[in-house]
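A.B. asks: Two chains, each in its own frame: build the complex with the hints.
Now for the letters of each chain:
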Amino acid sequence: MPDHELLAAVAAGDRSAFERLYERFEKRAFQYALSIVRDRFVAEEVLVDAMTSVWHGAARFGGQSQVSTWILGIARHKALDALRRKMRSSQDEPLEESGELVDPLDTPAQSAERSSTSDLARRALALLSADHQEIVRLAFFEELPYEDIATLLSIPVNTVKTRVHYAKQHLKRHLAELAPAETA
Amino acid sequence: MSHPVNLLPWYHNGTLPEAERAEVAAHLESCAECRAELESLGDVRRHVHAAFESDAVPSPAARRRVMENIARASTRTQAPAVTRPRPTARPNPFGEALRAFFDLKWAPAAATVLIVLQAGMLTWTMRANEPPQPGVETPPGGIASRGGEGLGVPTARLHVVFVATATEAEIRTLLSQVKGSIVGGPTAEGVYIVEVLASDRERAAAKAAMLRERSDLVQSAEPLAP
Chain A
51 MPDHELLAAV AAGDRSAFER LYERFEKRAF QYALSIVRDR FVAEEVLVDA
101 MTSVWHGAAR FGGQSQVSTW ILGIARHKAL DALRRKMRSS QDEPLEESGE
151 LVDPLDTPAQ SAERSSTSDL ARRALALLSA DHQEIVRLAF FEELPYEDIA
201 TLLSIPVNTV KTRVHYAKQH LKRHLAELAP AETA
Chain B
20 MSHPVNLLPW YHNGTLPEAE RAEVAAHLES CAECRAELES LGDVRRHVHA
70 AFESDAVPSP AARRRVMENI ARASTRTQAP AVTRPRPTAR PNPFGEALRA
120 FFDLKWAPAA ATVLIVLQAG MLTWTMRANE PPQPGVETPP GGIASRGGEG
170 LGVPTARLHV VFVATATEAE IRTLLSQVKG SIVGGPTAEG VYIVEVLASD
220 RERAAAKAAM LRERSDLVQS AEPLAP
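In the order they appear, the protein sequences are chains A and B.
If you use the working numbering, the first sequence corresponds to residues 51 to 234, in order.
If you use the working numbering, the second sequence corresponds to residues 20 to 245, in order.
Hints listed in this document are in silico derivations from the structure and should not be mistaken for laboratory results.
Each hint should be verified, as a subset may be incorrect.
What the hints assert, rightly or not - Here's a subset of chain B near chain A, in silico, CB distances under 10 Å, partners left out:
1) Ser21
2) Asn25
3) Trp29
4) Leu35
5) Pro36
6) Glu48
7) Arg65
8) His68
9) Asp74
10) Arg82
11) Asn88
12) Ser195
13) Val197
14) Lys198
15) Ile201
Beta carbons are placed, not taken as given, at the ideal position from N, Cα and C, and that holds for glycine.
Just chain B, same shape as in the assembly (with noise of 0.2 Å):
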């Protein structure tokens, strides 16, 4: 191998592939020069980083609006947040039309209508097969399934209690690790409903103990006796 000057400062970082790693290795026991060259490359970083690390910090303002940015985004189920720059640029009227042409604001509300109507039929189609289960209020137009057993995908219920400090989006994370979503509850006993992927009664109990791992998260799962 000739000298890997090109590759030393990756090899310095540990960033390089583990091939060319071994191969530069491998000659820096036998090259003194390389050895200084790779030495010299601490001096480099060490006054690089004394540079960058003293660059100037951005304000907490800057922090403020992107977490403003993002609150009205989430209001706003999850719509693009507009975040205009410093009008420093000349108008530009071709710009602005074209921008109004894919700015379509009654977008958002439409998937909303929608997501609305498709829940609501997933859920009378589910009712229509299912007995009322005792000790779970499902809401009226509540959370739908994927369709359940109505539609022929073979799912299995459990009964799970999140502990108090779990989030909305760590319960969501969660449940789509075990391909499972809410179809009911809370019971007065903070229990839910939740359908899981799952053909068999043993593939049932396997997904409840998945869940019950997560113990920062999940106070209890246990199937639903059939």
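Chain A with its partners taken away, still in its complex shape (with noise of 0.2 Å):
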């Protein structure tokens, strides 16, 4: 069932539809949130408001956007909320590095084998700016239209054409740089 039927139906109050739309979602609105706020317990938060938000607001959606873009956009939004009051109440502590998070439902073999198969992008994306991250996440990860990512960042469609060309310039060039070393 596509998305857009799937809220519907969520609209109309089908918890089991909902639970689908969950699946769905629960995944990426979750690396969204803990790619802005950068710490698992708090994206886990975020998580949760934002899912139950998408169930009190689905009724809600316009339909002027994907499915997707305005998940994501609840979960941005809730994150950001998130981030301040984090930084707010914990000026004096670094934020966690969210590229260095190993899932602890991995075993260590998993968590090697996932390592060996993305470090080297990981290391690459960990060079950008988070601004460069974020739209590098939304349009080469989500896949989502130029008019959707300018939606979702609140952003001039001509800014989001710009940033990713960079962001994916600076990305290309990080690539290039960390591949030598590690066949070395």
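C.D. replies: Shown next as structure tokens:
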């Protein structure tokens, strides 16, 4: 069932449809939130808060964007709120790096395998600014249309295009610089 | 067209509007530089997916908490769920006062009372002009229609049997699609009376046919004989 049909069923109060929608978006919303707040505990709070809001607000979805854009937008809004609270309450504590997080559900072998296949890309991405990391995620991972990204980030479409262009150039350069060290 | 490098990421992910897609496609046919750039985007995408797909995943506890939130909200007639964030921020007296002002705990109860009163009045209005339906028991104070003939809205009634596995939400969604609502039943055989907006028998038959098309939810649907 397409996302928008699933969301319409959620708007009508169908809890089984909501469970399916949750399964479809929990990982994406959580990881997006984690990329902003860089704290697993806070990212889970954001996920719970955001998906509960999706249940309550499903009837207000106007269809102007993809459902994924709408849900990620809610997660982003909640994550930025959480980040502001976190920074106010612990100004002297450095933020955890999400890139260093290890999934506690992984076995050591799984973790090592995952690390070996993605380490280069993660390290290259970590060298990008936060803005570039975010827009790379939205354009190349979430694969959202440029208009949806502009709506999500509240920036002009032309800014989206140029920011993606420069972020991609930086990422390619970092990948090229890190690759020889990986193979040496 | 100059080199459309700023559009290539969306040409690559297939979300470019058709007019732009066609322009970029035409340009690519004659520009080796842009074709090379497009090819490199595949490599970028592969790396990005490798990195992000290996990110951490939420714990099962998050899912349990979300489902608990919506279950609580459902039992409170869709009142907003209270999902308190971890108390990391300092107390804010102004914020607390503002929240208390808008936190109208009596609002759901008042809304429920109003709905019950309205349903009762509509039922009373309808029954004044309505003969009893043999074989179908309408519970006292049961589900009210949107007014029916009593309020001058052209409606028709159908006998509908839903499949046993149809959920309440699925039935509600389906009935909203045919602009219908349950006004009576079920009988011992599981027959409901559904009132739909329809100005004549032909349209009532069409609505019944629409319901029968959803064989995953509807076992039978027939217009009531006039």
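A.B. asks: Measuring from the C-beta of Trp29 of chain B to each C-beta in chain A, is the shortest one below 10 Å?
C.D. replies: OK, holds: Trp29 of chain B within 10 Å of chain A, min 5 Å.
A.B. asks: Does the interface hint hold: is Pro36 of chain B within less than 10 Å of chain A, judged Cβ to Cβ?
C.D. replies: Interface hint status for Pro36 of chain B: holds (8 Å vs cutoff 10 Å).
A.B. asks: Hey, does the Asp74 of chain B contact hint survive, CB to chain A under 10 Å?
C.D. replies: 5 Å, holds
A.B. asks: For the hint on Asn88 of chain B, just tell me whether its beta-carbon gets within less than 10 Å of chain A.
C.D. replies: 4 Å, holds
A.B. asks: Checking hints one by one. Is Ser195 of chain B an interface residue toward chain A, by the C-beta closer than 10 Å rule?
C.D. replies: 7 Å, holds
A.B. asks: Does His68 of chain B pass the interface hint, meaning its C-beta sits closer than 10 Å to a C-beta of chain A?
C.D. replies: Check passed: Cβ of His68 of chain B comes within 6 Å of chain A, closer than 10 Å.
A.B. asks: Is the shortest C-beta separation between Ile201 of chain B and chain A less than 10 Å?
C.D. replies: Ile201 of chain B check fails; min Cβ-Cβ to chain A is 15 Å, beyond 10 Å.
A.B. asks: Given a cut of 10 Å on the nearest C-beta pair, is the interface hint for Val197 of chain B held or broken against chain A?
C.D. replies: 14 Å, violated
A.B. asks: Is the interface hint for Ser21 of chain B satisfied, with its Cβ closer than 10 Å to some Cβ of chain A?
C.D. replies: Because about 13 Å separates Ser21 of chain B from the closest Cβ in chain A, which is outside the 10 Å limit, the hint is violated.
A.B. asks: Taking 10 Å as the limit, does the beta-carbon of Glu48 of chain B come near enough to a beta-carbon in chain A?
C.D. replies: Cβ of Glu48 of chain B sits 22 Å from chain A, so the hint is violated.
A.B. asks: With chain A as the partner, please determine if Arg65 of chain B meets the hint condition of a C-beta pair closer than 10 Å.
C.D. replies: Result: holds, 8 Å to nearest chain A Cβ.
A.B. asks: Given Lys198 of chain B as an interface hint, is the shortest Cβ-Cβ distance to chain A below 10 Å?
C.D. replies: 14 Å, violated
In summary, the structure is inconsistent with hints 1, 6, 13, 14 and 15 from the numbered list given earlier, while agreeing with the others.
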